[in-house]
Amino acid sequence: MNVLRIGLLRGGLEIKQFIRQRESVVFTILFPVMLLFIFGSVFKNSIAPGVTFSQYFVAGMIASGLVNSGFQQLAIMIPMERDFGTLKRLRGTPMSPASYFIGKAVLVTVSTLVQIALLMGFGAAIFGLHMPSSPEKWFRFIWLIVVGSVCTTALGIAFSSVPKSGRGASAVVSPIVIILQFFSGVFFVFTQLPKWMQDFAAIFPLKWLTQGMRSVFLPDSFVQQEVAKSWEVSRTAIVLVVWTIIGIGFSIKKFKWSNS
Amino acid sequence: MSTSSTTAISIKGLTKKYGDAFAVAGIDLEVHSGEIFAILGPNGAGKTTTVEILEGYRHRDGGDVTVLGEDPGNLGDKTYSWRERIGIVLQSTNDAEDLSVRETVHHFAKYYSKAKDPESVIALTGLSEKADAKIRTLSGGQRRRLDVALGIIGSPELLFLDEPTTGFDPEARRAFWELIRTLRDEGTTILLTTHYLDEAEALADRVAVIVGGKIIEIAPPETLGGRHLAQARITWVEGGKQHERLTMTPTTDVATISARMGGEVPELQVIRPSLEDIYLHMIGEAK
Chain L
1 MNVLRIGLLR GGLEIKQFIR QRESVVFTIL FPVMLLFIFG SVFKNSIAPG VTFSQYFVAG
61 MIASGLVNSG FQQLAIMIPM ERDFGTLKRL RGTPMSPASY FIGKAVLVTV STLVQIALLM
121 GFGAAIFGLH MPSSPEKWFR FIWLIVVGSV CTTALGIAFS SVPKSGRGAS AVVSPIVIIL
181 QFFSGVFFVF TQLPKWMQDF AAIFPLKWLT QGMRSVFLPD SFVQQEVAKS WEVSRTAIVL
241 VVWTIIGIGF SIKKFKWSNS
Chain B
1001 MSTSSTTAIS IKGLTKKYGD AFAVAGIDLE VHSGEIFAIL GPNGAGKTTT VEILEGYRHR
1061 DGGDVTVLGE DPGNLGDKTY SWRERIGIVL QSTNDAEDLS VRETVHHFAK YYSKAKDPES
1121 VIALTGLSEK ADAKIRTLSG GQRRRLDVAL GIIGSPELLF LDEPTTGFDP EARRAFWELI
1181 RTLRDEGTTI LLTTHYLDEA EALADRVAVI VGGKIIEIAP PETLGGRHLA QARITWVEGG
1241 KQHERLTMTP TTDVATISAR MGGEVPELQV IRPSLEDIYL HMIGEAK
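So the sequences go chain by chain: L and B.
Note that the first sequence ends on residue 260 in this note's numbering; no numbers are left out.
Note that the second sequence ends on residue 1287 in this note's numbering; no numbers are left out.
So that you can see chain L by itself, here it is in the shape it has in the complex:
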């Protein structure tokens, strides 16, 4: 199918551009790894039998990786492309919008996988992160990545119509991600946060992704430390799917090809 073929070609082009932009490589790929080093080195204490904060943090950063590569990357990049006229130019060609979004999905997939591989590699090598210990956990890990990526990609495309300009996009988007990271148990142990923060975080996907990643990377006994005393796997799936539908709905209704 031509739409798919051109979409994949666009994906190749997106990756080429991504690699050639030093800022994007640093921001999207290396920044989480740096954070991992800093937090993992500072907080080495155990938070439960056989679980260090570093391990807890790596699981949270892998979940954040999905949000960084999907939501944050697209919600900043698309407004810039709108400012630069990229979108308007494409709109004047016979290229299907679907191909454009396929290209973005390819970019998100590749940058997500690279980021997760780096975090897992460093997490295992330096902070004693355990790889998923059963086929069931691997399976859950994979669907969390797939569903989580689709969800944050859809939300990133939906949110791309919010920033008024490409230059301002980062200032709008980054604080949202950072606040959600604080509230969702990435930088702190979730159960130690105030109840209102926990409740607020539970509305958004990141909290569920972090919890899901903990269920994959931490020992089963740790489930007793979770708020619900359960990994809440099916509830996680439902939350992600609902947000995906919201994201796609908004994207279809609100996507803007130019500023005026």
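Read the hints as simulated data drawn from the structure, not as lab findings.
Certain hints may be false.
[To be verified] Here are a few chain B residues that sit away from chain L, every Cβ distance over 12 Å (derived from the structure):
| id | residue |
| --- | --- |
| 1 | M1248 |
| 2 | S1274 |
| 3 | M1282 |
[Claimed, not checked] Within a straight-line C-alpha distance of at most 30 Å, the following computed DSS-like cross-link-like pairs (lysine-lysine) qualify:
| id | chain 1 | residue 1 | chain 2 | residue 2 |
| --- | --- | --- | --- | --- |
| 4 | L | K253 | B | K1078 |
| 5 | B | K1078 | B | K1012 |
| 6 | B | K1017 | L | K164 |
| 7 | B | K1116 | B | K1130 |
| 8 | B | K1017 | L | K253 |
| 9 | L | K253 | L | K164 |
| 10 | B | K1114 | L | K256 |
| 11 | B | K1110 | B | K1078 |
| 12 | B | K1078 | B | K1116 |
| 13 | B | K1017 | L | K16 |
| 14 | B | K1116 | B | K1134 |
| 15 | L | K254 | L | K44 |
| 16 | B | K1130 | B | K1110 |
| 17 | B | K1078 | L | K256 |
| 18 | B | K1134 | B | K1114 |
| 19 | L | K254 | B | K1078 |
| 20 | L | K254 | B | K1017 |
| 21 | B | K1114 | B | K1130 |
| 22 | L | K256 | B | K1134 |
| 23 | B | K1110 | L | K253 |
| 24 | B | K1134 | B | K1110 |
| 25 | L | K16 | B | K1110 |
| 26 | B | K1134 | L | K16 |
| 27 | B | K1214 | B | K1012 |
| 28 | L | K137 | L | K195 |
| 29 | B | K1110 | L | K256 |
| 30 | B | K1017 | B | K1078 |
| 31 | B | K1012 | L | K256 |
| 32 | B | K1110 | L | K254 |
| 33 | L | K164 | B | K1134 |
| 34 | B | K1116 | L | K16 |
| 35 | L | K137 | L | K229 |
| 36 | L | K16 | B | K1114 |
| 37 | B | K1017 | L | K256 |
From a predicted model like this one, the values you see are computed outputs, not experimental measurements.
The beta-carbon is built from N, C-alpha and C at its ideal position, and this holds for glycine as well.
Using the hints provided, position chain B relative to the given structure of chain L.
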């Protein structure tokens, strides 16, 4: 081709409002296939709005518009087949800076079912030496040539050029005009907006002057504003005095003066109104 071979664009009673103000206040015009048609007007006259309606970027508030036989405001499932047949060069784009010229042109060629050979388009637009350069390193003129390369890569029947030479130096501009003429000679219909008179005069077969969202005249550049009918001014020196005469028959008058003075006429000048004089007069009256 599904369209008539004589009309590429037809506009009747086109209107577009922003808020309460009419940006386009009732425009009628026809662009014939194979011609270079220029829309000339001051900034804010409604040129870009009109062209963006024709390109399918904006919705109109009233009137009938046909571009290559289709209504760009209501293309439905013909959207993509219609976009195969047009080429658009936007006013300012600043994208894909990290790709090379060659990568970009080759990539855009994939969007079209009857794309030209990317290498020959790069050569035609004078970018061969820059083919492997990153787009961010191109000069303004080279960037614009790339925009044209991407506009023509799909072998369009109709090419839109929105103020293509803004910010060019004179030499780059002449080279650009040569490129546009080449495209016309290959049979491409070209709709050009510009606020440069010399550009309209150098390129266009016909010019529409638009002011305040209305067309005040459509004519070939030579006859715009009754330029060919305007009186010529003859000045010369006779008997140590400066003389001046306004006339419809400058040739006869000069012959008469020359005969009277026995040949050479000192400091003789025959001045026709320039397109600029005519144009400034026209938009002054329209305002």
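For this session: Run the structure past the numbered hints and jot down the numbers of the failing ones, going up.
Result: Hints 13, 15 are the ones this structure does not satisfy, whereas the remaining hints hold.
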